[in-house]
Amino acid sequence: MKLSKLVAPLSVLCAIALAPAAWSQGNIAHRTIQHADATIAYSVQGQGPLVMILASTGRGSAEFAPLAEQLVRRGYRVVLPEPRGVAGSKGPMKNVTFHDFGDDFANVIAAEGGPAIVAGHAYGQWIAKTIASDHPQAVRGIVLLAGGARQWPSELSDAITRINAERTPEDEKLAALRLAFFAEGNDPRPWLTGWHPQVTQSQREARANTPKESYWAGGSAPILDLQAGADPFRPERSRMETKEEFGDRVTIKVIPHASHALPAEKPLETANAIADWADGLPR
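For the record, in the sequence shown the residue sitting at position 69 is 69 according to UniProt numbering, with numbers rising by one throughout.
Hints are supplied without guarantee of correctness; some may be wrong.
To be verified - Pairs of lysine-lysine residues, derived as PhoX-like cross-links and limited to a Cα-Cα distance of at most 20 Å, are as follows:
no. : residue 1 : residue 2
1   : K253      : K243
2   : K243      : K212
3   : K212      : K94
Claimed, not checked - The following label-pair restraints were derived from C-beta to C-beta distances:
no. : residue 1 : residue 2 : range
4   : Q198      : K253      : 32 to 38 Å
5   : S157      : A217      : 20 to 26 Å
6   : N27       : S154      : 39 to 45 Å
7   : A208      : A165      : 18 to 24 Å
8   : Q137      : A65       : 26 to 32 Å
9   : D37       : L192      : 22 to 28 Å
These aren't lab readings, by the way, just hints derived from the structure by calculation. Virtual Cβ for every residue (Gly too), placed ideally from N, Cα, C.
Can you build the whole structure from these sequences, using the hints too?
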């Protein structure tokens, strides 16, 4: 579905522009938009070209605060939307696809005057690609933040399931976080919380409901494949997968001493890598 079909009539857009902010905290504005049968909550801060950051499986955007602050210092305006089921965002959670989630965030880009660089963390990379496929005029470029390889061991997906289960003892959750998300020497404890099992389930079902060919290419947008050096979802042998598939569209950068929780482990390095790449894109 094209963004032109999603954007509300002018009178509605004016209402959004005049009164989307429910409240503000410092220099951060907190807003909501409605489209179709979904309500999406998000925050926005900074001045400059727009960067949207999408969260990984079952998580919200709160952990992106240090990353967002550094991007603001680098001269970007950062929008952090929440997925359905998190922090005021709501909408159908069953019988949905990546295209439904992509439409949620494309409408946020429209409300903020787009276009945007869309950065998706882990699972969020697929939604970033979906937005770029369905709404190419809304996307200047996409960033794959710790995006997984084409295939990864099932034990990593099993670790996410254990982390989401309330009955899992804390020591087992920490072991699963170290296995799947955090490099040696990086503290996984902040990620003992912040999980939304019902969101994880909905997102997994959406993946099963979405044909890969409908989003995988990410349109024709430039791609920054920002990898973590110790990410088990993206072993060294898979470093060049995206470049081999999409050619000159792709820039590859690897941040060492980080795993699948890259934006939380190395927020400043992640922000600077995004900004360095984005600074070179046409405006």
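Checked hints:
no.: 1; hint: K253 <-> K243; result: holds (11 Å)
no.: 2; hint: K243 <-> K212; result: holds (18 Å)
no.: 3; hint: K212 <-> K94; result: holds (19 Å)
no.: 4; hint: Q198 <-> K253: 32 to 38 Å; result: holds (34 Å)
no.: 5; hint: S157 <-> A217: 20 to 26 Å; result: holds (24 Å)
no.: 6; hint: N27 <-> S154: 39 to 45 Å; result: holds (43 Å)
no.: 7; hint: A208 <-> A165: 18 to 24 Å; result: holds (20 Å)
no.: 8; hint: Q137 <-> A65: 26 to 32 Å; result: holds (29 Å)
no.: 9; hint: D37 <-> L192: 22 to 28 Å; result: violated (33 Å)
The structure shown violates just one earlier hint, number 9.
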